[in-house]
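Assemble chain B onto chain A, guided by the hints.
2 protein chains.
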Amino acid sequence: MQRSIATVSISGTLVEKLTAIQAAGFDGVEIFENDLLYFDGSPADVRRIAADLGLKIMLFQPFRDFEGVSAERLARNLDRVKRKFDLMHELGTDRILVCSNVSPDTLRDDALIVDQLGALARAAEQAGVIAGYEALAWGRHVNSYRHAWRLVNAVNHPNLGIVLDSFHTLSIGDPVDEIAAIPGERITFVQIADAPKLAMDVLEWSRHYRCFPGQGDFDVAGFTARVVESGYQGPLSLEIFNDGFRAAPTAATAADGHRSLLFLEEQTRSKLIQQGRPARELYQPSPAPAHIGFQFLEFAVDDAARRQLADWLGKLGFRRAGRHRSKDVTLYQHGAASLVLNAEADSFASAFFQQHGLSLCASALRVDDARLAFERAAGFGYTPFSGQVGPNERVLPAVRAPDGSLNYFVDETPDEPTLFEADFLLDNSNAPTEPALLTNIDHVVLSLPADSLDTWVLFFRTAFGFDAEPSWLVPDPYGLVRSRALRSRDGSVRIALNASVDRHTAVAEALHAYRGSGLNHVAFRTGDIFAAIPQFVAAGLPILRIPRNYYDDLAARYALPDETIEALCAGNILYDRDEKGGEFFHAYTEQLDQRFFLEIVERRGGYDGYGAGNAAVRLAAQAQHRKHDFN
Amino acid sequence: MQRSIATVSISGTLVEKLTAIQAAGFDGVEIFENDLLYFDGSPADVRRIAADLGLKIMLFQPFRDFEGVSAERLARNLDRVKRKFDLMHELGTDRILVCSNVSPDTLRDDALIVDQLGALARAAEQAGVIAGYEALAWGRHVNSYRHAWRLVNAVNHPNLGIVLDSFHTLSIGDPVDEIAAIPGERITFVQIADAPKLAMDVLEWSRHYRCFPGQGDFDVAGFTARVVESGYQGPLSLEIFNDGFRAAPTAATAADGHRSLLFLEEQTRSKLIQQGRPARELYQPSPAPAHIGFQFLEFAVDDAARRQLADWLGKLGFRRAGRHRSKDVTLYQHGAASLVLNAEADSFASAFFQQHGLSLCASALRVDDARLAFERAAGFGYTPFSGQVGPNERVLPAVRAPDGSLNYFVDETPDEPTLFEADFLLDNSNAPTEPALLTNIDHVVLSLPADSLDTWVLFFRTAFGFDAEPSWLVPDPYGLVRSRALRSRDGSVRIALNASVDRHTAVAEALHAYRGSGLNHVAFRTGDIFAAIPQFVAAGLPILRIPRNYYDDLAARYALPDETIEALCAGNILYDRDEKGGEFFHAYTEQLDQRFFLEIVERRGGYDGYGAGNAAVRLAAQAQHRKHDFN
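As given, the protein sequences belong to chains A and B, one line each in that order. In terms of full-length UniProt numbering, the first sequence opens at residue 1 and continues consecutively. In terms of full-length UniProt numbering, the second sequence opens at residue 1 and continues consecutively.
Residues of chain B placed beyond 12 Å of chain A at every Cβ, according to the derived structure:
(1) P183
(2) P561
(3) D593
Examples of chain B residues lying across from chain A (beta carbon under 8 Å, computed):
(4) R246
(5) A247
(6) P475
(7) A620
These aren't lab readings, by the way, just hints derived from the structure by calculation. Even for Gly, the Cβ is constructed at its ideal location relative to N, Cα and C.
Isolated chain A, as found in the complex (with noise of 0.2 Å):
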């Protein structure tokens, strides 16, 4: 399908906008009429501009509060329109978008409204344009799609469609069935948006909180399976009032724009396949990995924060399982937990590490076919990488996550080498003979900008099909801490990220430690944490110290014995459970740096989370630890 986004989705001045829009590889564009008020030059001068960077202006819009008026009004607002359909004439568009009136004193009167819509088509018919009738989900009198139908299939006029949009028919909880009804040519253009569901007056939540589809917790696809039934042939666009969005860099937003329509398109293609439907010209990408696991994360070092991380390392009972043949980069190993320490000069890792110092600068994921799954992340737009290799060594597809830091896709072929032993040099004799006290990295948590949130959501559901769950906020001692955590299909990958509006929490602290975005901290699984953290406290590993009174109030909270609370508050271990039971166990190492920490859980009983209640304990914790030592 044709693509297309509207101007207001985007900051920038309007020229700004359309250059980031055709280079984001948009097919055409929305001008909402304020774009153009501000900009200093001709309606003709827009459409040259356009045409010079190939874009369509597939729709001028909105105008307000036509229909349901006096005879009075409805010969001024005649009047108006015609100077807006001279204007769409200049800027070389023949769509215009008409929404439903908000005005308190619209005539509640379905025939008037008929009458009136019906001089609004003949005007449109005289001037060569078609107007699009769209319900605002707050419209006065007209608030459903269903009822502007209606009202448009009366006038029964070919200069007079309706206009659809995902956020007026799904945020009021409107049936999208009878969308597929409507003949296709009768639509004259569909808007897109998605939205976190917030407990909010429409209004509002519409002009601040929409986002890009894949990014809130709309049945966009649902939605756009009907419009594609209905034979609509027009393009797909993206209308998003996201105060975010207004302040974030323009062309990141329009790529991230463009990804969210293939990604919409990808889920609409295999809801109509699951119904069995047609599904042709939508969006196929390469299928999401079935399997995912983490293969290693791959940390930038110099000698001196190797040291300290294999010291750490050490201490949790890592072994140093190999070294790579052909760079300074060595491998630890700790249950089916593999990290990589990069100290290889003149390479992408130590670019990174003079940027951000000790930092994640790559994570390799473990699917079935790596070639797929790079191909489906590359052709939704994210960077493809490739580092030198030396002889006999893997070549590792890549793309770059949007913080500039690698993401491998790593396969393994029955009979052949394994990704370790191809590069690494392995050292089997210090193989553990005992069970390891850590099983598997749980989950990586990366510190964030607020304003690239949504950038990093879009990015794993897109690029590796990951689930997201809803975000909360969490209270740092000094601002509020926003949470979403996103999931491989298996639940064997889990990425939380953070992110932080104010200067002084923990996540901003972080990022100005790090100088960008990145790791927070990594959690590694264990069976048994009561045995794990005495192990690691006997070996030296500093762990973080919990309030007394945090135990004194889970003993007030949950019915535990007094040995368990006492056997938590030995360990320093928070301690969580669901509402079936389930039990989470977790405890923090202090911060190795400003930024940089480690953690260790057990899950019991199907427990799925992160602890999210005790994550405001945490921060606590380690604004008093920042305080004594980095201060």
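Only chain B this time, still in chain A's reference frame:
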């Protein structure tokens, strides 16, 4: 009355909070349970720290989901609450807040709830404490103080009272009159919060948008007046959940909280006196000035900035009216507008210039009694300032505004030299013979970081007794700007505040250029903008260019004659009309530097706003202009 604040209202660790609360002048504090959980020390340690600071621990809170439960659950809840009673003894407080149950399985049975609250009262009696029952606005069964009081009254036990909270009552529009009929000794505690009127879920509203009295839209004084009438003798205690306060500087927020209670007491007092009721023990500041006007605005300049600003003022028809008797300070006048350019070395102004460049370092307000006006501002805790004064020069009482700039108070005594006569060598030789094009200063606009908007609102409301209008949002090409206007009661002094959380808006760029909050622009009023603008242009004043498209849209929106549209367009004059037909005409200069510019306005037919709808046009034009001139 005693004044208190809940620890949750401000940022920081518990010790930082307590220290700031004491420094702000509060008598006591509510300990919010989470602050205790995060504190790495015993409740007895908290008791000792508070006692050392001279702070009384007024209340421990909250205890949740106690009542309307099964017998089995009640037993557990009684066990839970007894643990908290023990903790309260350690903490040294005898009051606990028990809020109404929000659980979906709450039993909606008043008789059962009375029984269970009775069990709570007896447990409290045994422990020697008092439980206060509070109706949460989103309580499952009990959400009104009137319902809560019926239950508490039915229990009729001295160890169970009611807790009132202005947010829970005013947010749901619950009538406040019945508060006066509750016996004061049965009111365990009174919590105070204001909030802006928002159309959203009351729980979200309460958790994120509460603010101090005077910063929001609620009639908190009407609520408090009924509390005073009840005979309640306990403290008024602020309980503010505000995302901004959680991240704002601890001491400054606590100071704002304390002065907001003084302001609330003043408002409550006048409400009670109006109603012929006693108002003992309520704070009584010096009254706000009945008449107030701009005496002068004082700019910190160096030689170059003075030349630049004087050049523009000359083009606007200002004349050099005098120089200061002892300082390197010049007076410019036009109509009733007086501007002072201060280049004195080693002065307050030079320090301000060094920090901020060309900037507004002081405002002088003309009042009936300067000493009284000063005493009011100083009584609300704003820092007094005294500068160097030459022989025979006037001593002006002054306080510091939140950005460190000064607010002088000036009065004139008949038959004595005026301030300008006393301090300046006036040059009457070039006094104008023609009527002035500009009549006076219409308003002043300040750019602020987003987290200081509430602080400034409280400054103008408390120190000067100004009224605040509701805030509104303006789109800048690179983010949203929140705007809020304040004015003296007669409208003769108007201040508009602009704040932005986004990094690249005009407001943010102004703050960056200015290194701190401060002047964005000054608007001068004219009686004939169509005569004035051509003269200013002829004199060489650069007027900000407004796109033609804006005027084409004006023509479509308003039935303005073509020649008016052309005159507006020729003068780059923006236009607004209010619902009563009042009209506003305004034009902007280009920016004098990266942040500062001037505005010329004409008001007709009682127009009382600021052309809010045009602000986005101006911001876009400025963004365009900054790109050309400053990049």
